Amino acid sequence: MTYEFEMVGIVKRFPGVLANDGIDLAVRTGEIHALMGENGAGKSTLMSILYGLLPPDAGEIVVRGQGVRFASPIDAIAHGFGMVHQSFKLFNQLTVWENVVFRAEPRRGIVIDRATARARVREISARHRLAIDPDAIVGSLPVGVRQRVEILKALYRDARILVLDEPTAVLTPQETDALFDVLRGLAKDGRTILLVTHKLREVMDVSDRITVLRDGRVAGRLETAATTQGEITQAMTGRNVVFEPRKAAGTQGQPLLEIDGLGVGQGPRPLVAGVHLVVRGGEIVGIAGVAGNGQSELVEAIVGLRPHHAGRIRIAGRDVTHAPLRERRRAGLAYIPEDRAVTGAALVATAAENLAMGFHRAPPLARGLALDHAAQRAHARALIQRFSVKIPSELAAVGTLSGGNLQKIVAGRELAHEAPVIIAEQPTRGLDIGATEFIHRTLLAQRDFGRAVLLISSELSEIQSLCDRILVMYEGRIVADLAAGQADEARLGLLMAGAAGSA
1 MTYEFEMVGI
11 VKRFPGVLAN
21 DGIDLAVRTG
31 EIHALMGENG
41 AGKSTLMSIL
51 YGLLPPDAGE
61 IVVRGQGVRF
71 ASPIDAIAHG
81 FGMVHQSFKL
91 FNQLTVWENV
101 VFRAEPRRGI
111 VIDRATARAR
121 VREISARHRL
131 AIDPDAIVGS
141 LPVGVRQRVE
151 ILKALYRDAR
161 ILVLDEPTAV
171 LTPQETDALF
181 DVLRGLAKDG
191 RTILLVTHKL
201 REVMDVSDRI
211 TVLRDGRVAG
221 RLETAATTQG
231 EITQAMTGRN
241 VVFEPRKAAG
251 TQGQPLLEID
261 GLGVGQGPRP
271 LVAGVHLVVR
281 GGEIVGIAGV
291 AGNGQSELVE
301 AIVGLRPHHA
311 GRIRIAGRDV
321 THAPLRERRR
331 AGLAYIPEDR
341 AVTGAALVAT
351 AAENLAMGFH
361 RAPPLARGLA
371 LDHAAQRAHA
381 RALIQRFSVK
391 IPSELAAVGT
401 LSGGNLQKIV
411 AGRELAHEAP
421 VIIAEQPTRG
431 LDIGATEFIH
441 RTLLAQRDFG
451 RAVLLISSEL
461 SEIQSLCDRI
471 LVMYEGRIVA
481 DLAAGQADEA
491 RLGLLMAGAA
501 GSA
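Numbering (the numbering used here), first residue to last: 1 to 503.
It should be emphasised that the hints constitute simulated quantities derived from the structure, not laboratory data.
The model shown is predicted, which means the values in this text are computed figures rather than measured ones.
There's no promise every hint is true.
Quick list of in silico lysine-lysine cross-link-like pairs, DSS-like style, CA-CA up to 25 Å [stated by the list, open to error]:
1. LYS390 to LYS199
2. LYS89 to LYS199
3. LYS199 to LYS188
Please take these sequences and the hints and turn them into a complete structure.
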């Protein structure tokens, strides 16, 4: 068996944490290999070691039969590795070819040979069926094409091994299919693909083999064609997980969230353009859309974080159009923000303090004007246990937590409010399968209690699984309002890409 690279006995320790405990990972030449695991399983640490960002405490990396040691990503690139990060590392104001050749420019003397650079980028793009105009400005490209630019950067440097971190997080279904066609073509040409992802369907669709990590160790090595989603999640979590909880039809009540003609930003292309929507008690309404089409601006205007120039907002029958954020909360709004680190939490504060925010002015967490610190700690311990947050204690600063565990803190605080209106923006981003399952069930329970839930998610499977109605946003407008049964993935993907005729 020919392995393109191996990681043998990798150990990495941090203070109080054994992140990687003797991990072996072997990836064959020309295969698409998936790496999966829950939050804290050790995936990010292992990839940082593989790409030269961290040194291992023990173990070795073997590339095409030779032991190597990477002191930096430059060493990894020199040995044929290319990393496509979830957050693209591109200069939006430059052209495709300028981004691709940056720091590896062909030269004629001391001058960049622009003609050669453009020709080489065009040739590599055509050879690997990436279909990119070398002269296009990157910032003007759809997100799926920008991802192709990242792949093209690696191929320009003759990467034989491509590591992709959550590559479909911001893609439409059609863009995902196109990406997988590219990856299959690269594997057929002899390139080796390591896919780090949590999306089970995609792993089953595109990978050849799967390595599963749990608690810093290898918990499973699976042949994709011979396994099931259930076996993968059993390896990841150590238990059975119920996929896609099917929702019974909710009993809808009165409108609890009403948006009438909301506009954000003026000019020929406003950020949000005359949006009307209603969410009733007892229903979950989802907003689907490719990132950057006004979803975040709409939510920020509703909760009071962004000014709007037109429209009305009512929460539980109360007009809060011009009310500050605090008054909107008092009117009955809970909010799980997209950016957990900046908007959702105070990173230097403890878990107890973060979990008390919004509760801290009223009993049982306050006595008159004074905070009841013992009650806050007890409240925090209960939520930490309920949401399975991995944290040393409720007195630890949340800035020390992994992204997934910080998300659990934010989601737990907001869902414990029992507010009549819940806005959940990417509530499971960064969460592992078990925690995602718990959040889904909790949102469904909130709906069944008669609350109104507005869900904004880039995960179409999440939207389809949870929502009673689905709205699609494109360029700041609601372009479709569909009952859940009308919204198959292909139709949603076309609408998200601007095919209004698909409504």
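Hint-by-hint comparison with the structure:
1. LYS390 to LYS199: holds, 22 Å
2. LYS89 to LYS199: It holds: about 23 Å lies between the C-alpha atoms, which stays within 25 Å.
3. LYS199 to LYS188: It holds: about 23 Å lies between the C-alpha atoms, which stays within 25 Å.
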